[in-house]
Amino acid sequence: MSRLREAGKLPGRVVTWLGERFELEDSVMAVLRHPVPRELERPVGWWYVLGSATLAVFIAQVVTGVGLAMTYVPAPNSAYDSLQFISHGASLGAVVRGMHYFGAGAMVILVLAHMTQVYLFGAFKFPREANWLTGSLLLLATLAMAFTGQLLRWDQDAFWAVVVAAEQAARAPIIGEWLTRLIVAGNNVGGATLTRFYATHVFLIPAAIFGLIGMHLYLVVKRGISEPPVAGLPVDPPSYRARMPRCCVAVSPSGPTPPGATPLRRRPSWPQWCCSPRSSARPISTNPRTRRMSSPIRGPTGISLGTSRSSR
Amino acid sequence: MNEISRRRFLSRITLALTAFIGGIVGFPILGYLLAPLFSAPTDELVPVGAIMDFPVGETKLVSVRDPSPLAWAGQTADTALWVRRREQSGPQMFQVFNVNCTHLGCPVNWQAGAKLFLCPCHGGVFYSDGTVAGGPPPRPLFEREWQVSGDRLLVRQQPLPTVKQG
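In order, the protein sequences belong to chains A and B.
Going by our numbering, the first sequence opens with residue 28, and the numbers climb by one from there.
Going by our numbering, the second sequence opens with residue 2, and the numbers climb by one from there.
Simulated from the structure, these hints should not be mistaken for lab results.
Quantities reported herein were computed from a predicted structural model and do not represent experimental measurements.
Be careful, since some hints might not be right.
Simulated coverage check for chain A against chain B, where a stretch passes if three residues somewhere in it have a Cβ under 8 Å from a Cβ of chain B [stated by the list, open to error]:
id, stretch
1, 94 to 104
2, 186 to 193
3, 201 to 211
4, 216 to 229
On the chain A side, residues computed to face chain B include the following (Cβ under 10 Å) [unchecked claim]:
id, residue
5, 107
6, 181
7, 183
8, 196
9, 197
10, 198
Which residues of chain B face chain A? A partial, calculated answer using Cβ under 8 Å [unchecked claim]:
id, residue
11, 37
12, 40
13, 42
14, 43
15, 70
16, 71
17, 73
18, 74
19, 77
20, 101
21, 108
22, 160
23, 163
24, 164
25, 165
Glycine is no exception: its CB is placed at the ideal position from the N, C-alpha and C atoms.
Assemble the whole structure, with the sequences as input and the hints as a guide.
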């Protein structure tokens, strides 16, 4: 009986062991527990779901895309036939291809809906301009994925979509002709075209998307979730800093520190959610045996990477 | 004499070496990716059929195979052309059109009854001699250089025509 009880404690021990090794309390757990503006408890909070929804669909696209890539043959003489096999021969192939197809449409719709929400809520304003900029790049990347993905079908639609894209690119000033030759990978749409688009769709753009999502999410966590706008309340750097004194301290070493701001070097460790003043923040560590031993460890950019802790 | 510290000297050397190695690694990769820009345009005369296959006054669709297709190119190495036989012989004998609409490159269709080329994408219309009859195309259909060799019609290969050419 006591052995059984011991075995029951094992998962907890494993979690504790991993938690200590990875310092999850400071990193992952802190991010998971990050506070959000209290207004989001009301139905207005549903407006904030669109970014996560896009991310969820993106993950589904990655998974279904990997599945499709296991059967799809990116050669112009077999691409169409391999897709016919996926749709009509492979087990559950039609489902996976359908998920990828409808997921692609959902990505575009959700990205645009997310952008509309951010625009209407004014969430692109200070201090979240960088979120908006990375988001704009993600929008372009999503549209590029939609384009390069649909032409991998290599049917008549796909072939002429490549031609139309090349002709449109040709109209760009100065570099137009070069762009055309890069798009069709040569002088004409031919044997080399499809493999280039395949590599672009499967490696190039996804790599960029992963990096951009990383930046985008880092900024969301770092800057905090935006509050719903209040009519008459301006969102500009001075008033924002006045309301949230711990937010967005100027990084310039020579520049003046905003009044009321904690100097950068003394700022609390990274997951402090400075931009959410009315948050229901819980203390990160409630363990009395955990005490702060040293100042926060900082990365080369001045971003605190976490706090060094030890337990007795 | 300007003195630089040992640390600064070494860090500069390190940066320079890193840039050098990065260049050595990066140059072939970049060259490989941009290779299509440096490939010479195809400029060969390829046969498209016997002259007697083209009756005077008619416009026919022919297919031209890329002279050096990749082994896995399949149908993609085929290019379609419209051949119009105008006269029995002479320099006005043929008119060879690229299939691409001059608006955005979609393939135009010859309607023998109406004697018009119609583009399925945005409604471009061309007369039988390739001049614009209506719609968005900014210029007449692109033409190919042709030659008669014996009883064969030869057509010059050409990169994908764009609105800036010719």
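Hint check:
{"no.": "1", "hint": "94 to 104", "in the structure": "holds (count 3)"}
{"no.": "2", "hint": "186 to 193", "in the structure": "holds (count 5)"}
{"no.": "3", "hint": "201 to 211", "in the structure": "holds (count 7)"}
{"no.": "4", "hint": "216 to 229", "in the structure": "holds (count 6)"}
{"no.": "5", "hint": "107", "in the structure": "holds (9 Å)"}
{"no.": "6", "hint": "181", "in the structure": "holds (8 Å)"}
{"no.": "7", "hint": "183", "in the structure": "holds (9 Å)"}
{"no.": "8", "hint": "196", "in the structure": "holds (9 Å)"}
{"no.": "9", "hint": "197", "in the structure": "holds (4 Å)"}
{"no.": "10", "hint": "198", "in the structure": "holds (6 Å)"}
{"no.": "11", "hint": "37", "in the structure": "holds (5 Å)"}
{"no.": "12", "hint": "40", "in the structure": "holds (6 Å)"}
{"no.": "13", "hint": "42", "in the structure": "holds (5 Å)"}
{"no.": "14", "hint": "43", "in the structure": "holds (6 Å)"}
{"no.": "15", "hint": "70", "in the structure": "holds (6 Å)"}
{"no.": "16", "hint": "71", "in the structure": "holds (3 Å)"}
{"no.": "17", "hint": "73", "in the structure": "holds (4 Å)"}
{"no.": "18", "hint": "74", "in the structure": "holds (3 Å)"}
{"no.": "19", "hint": "77", "in the structure": "holds (4 Å)"}
{"no.": "20", "hint": "101", "in the structure": "holds (7 Å)"}
{"no.": "21", "hint": "108", "in the structure": "holds (7 Å)"}
{"no.": "22", "hint": "160", "in the structure": "holds (4 Å)"}
{"no.": "23", "hint": "163", "in the structure": "holds (4 Å)"}
{"no.": "24", "hint": "164", "in the structure": "holds (6 Å)"}
{"no.": "25", "hint": "165", "in the structure": "holds (6 Å)"}
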